[in-house]
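J.: Sequence:
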Amino acid sequence: MASDGPPPENLTGLLGALESYDPLIPDDLTAYYLQTSGVRNPNIHVTRLVSVAAHKFIGEVASDALQFCKIRQAGSGKEMKARGPKEKKLVLTTEDLAAALKEYGVNVRKPDYFVDGPTPVVGRPGKH
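The opening position of the sequence shown corresponds to residue 2 in this note's numbering, with each subsequent residue numbered one higher.
For the record, the hints were derived by calculation from the structure and aren't laboratory data. Only a predicted model underlies this, so the values are computations on that prediction, with no experimental measurement involved. Treat the hints loosely; a few may be bogus.
[As the list claims (entries may be wrong)] Each computed SDA-like pair below joins lysine to any residue, with the alpha-carbon atoms no more than 25 Å apart:
| # | residue 1 | residue 2 |
| --- | --- | --- |
| 1 | Lys57 | Cys70 |
| 2 | Lys111 | Arg73 |
| 3 | Lys90 | Asp65 |
| 4 | Lys57 | Gln68 |
| 5 | Lys103 | Gly76 |
| 6 | Lys103 | Ser64 |
| 7 | Lys90 | Gly106 |
| 8 | Lys90 | Gln68 |
| 9 | Lys71 | Tyr22 |
| 10 | Lys103 | Val53 |
| 11 | Lys89 | Asn108 |
| 12 | Lys103 | Val92 |
| 13 | Lys57 | Thr94 |
| 14 | Lys89 | Gln68 |
| 15 | Lys111 | Cys70 |
| 16 | Lys103 | Gly60 |
| 17 | Lys57 | Asn42 |
| 18 | Lys57 | Tyr114 |
| 19 | Lys71 | Val92 |
| 20 | Lys57 | Leu98 |
| 21 | Lys71 | Asn42 |
| 22 | Lys111 | Glu61 |
| 23 | Lys57 | Ala100 |
| 24 | Lys57 | Pro112 |
| 25 | Lys90 | Leu102 |
| 26 | Lys103 | Val62 |
| 27 | Lys57 | Glu10 |
| 28 | Lys57 | Thr37 |
| 29 | Lys57 | Gly76 |
| 30 | Lys111 | Ala100 |
| 31 | Lys103 | Ile26 |
| 32 | Lys111 | Thr95 |
Using the sequences provided together with the hints, build the complete structure.
T.: Encoded structure:
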């Protein structure tokens, strides 16, 4: 359903705004990940549009994680009494971030184990 006519005014305005927009996520970084994902020679408009979308996603995840943090800390009454009423320091944990990402379909879990590398064998016990 491609049309040969001029693009709509709102699309033209968006493309013009993307040209002058300086994204928070650098163009080089976004272009690198686009190329890693299989996009060959991404247009600057595509690169900046992906940067804006990624920035929005990161902001929403961070906001949701903050809400999970507030809920978690409000639910622990013993900790609030121990800290005192004046101290309202929020501590964002990996669990808060994982809960926020889960709402977007991203599964975050700790690996079952870590493998640093093979352990060198010096000698076998009992053998001389």
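J.: Between the alpha carbons of Lys57 and Thr37, is the straight-line distance 25 Å or under?
T.: holds (21 Å)
J.: Holds or violated: Lys90 and Gly106, Cα atoms, limit 25 Å.
T.: violated (29 Å)
J.: Hint check: Lys103 vs Ser64, CA-CA at most 25 Å. Holds or violated?
T.: holds (14 Å)
J.: Do the alpha carbons of Lys71 and Asn42 lie within 25 Å of each other, as the hint requires?
T.: violated (43 Å)
J.: Is Lys103 close enough to Gly76, meaning Cα to Cα at most 25 Å?
T.: Holds. Lys103 to Gly76 sits at ~20 Å (cutoff 25 Å).
J.: Tell me if the straight-line CA distance from Lys57 to Tyr114 falls inside 25 Å.
T.: violated (33 Å)
J.: Would the pair Lys89 and Asn108 pass a check requiring their Cα atoms to be no farther apart than 25 Å?
T.: violated (30 Å)
J.: Taken at face value, is the distance from the CA of Val92 to the CA of Lys103 at most 25 Å?
T.: Holds: Lys103 and Val92 sit about 19 Å apart, inside 25 Å.
J.: Given the proposed pairing of Lys57 with Pro112, does the C-alpha separation stay at or below 25 Å?
T.: violated (28 Å)
J.: Within a Cα-Cα threshold of 25 Å, do Lys57 and Leu98 meet the stated pairing?
T.: The given pair, whose Cα atoms are some 16 Å apart, holds under the 25 Å limit.
J.: With the threshold set at 25 Å, check whether the alpha-carbon distance from Lys57 to Thr94 stays at or below it.
T.: holds (21 Å)
J.: If you draw a straight line from the CA of Lys90 to the CA of Leu102, is it 25 Å or shorter?
T.: holds (23 Å)
Of the numbered hints stated above, those contradicted by the structure are hints 7, 9, 11, 18, 21, 24 and 29, listed in ascending order.
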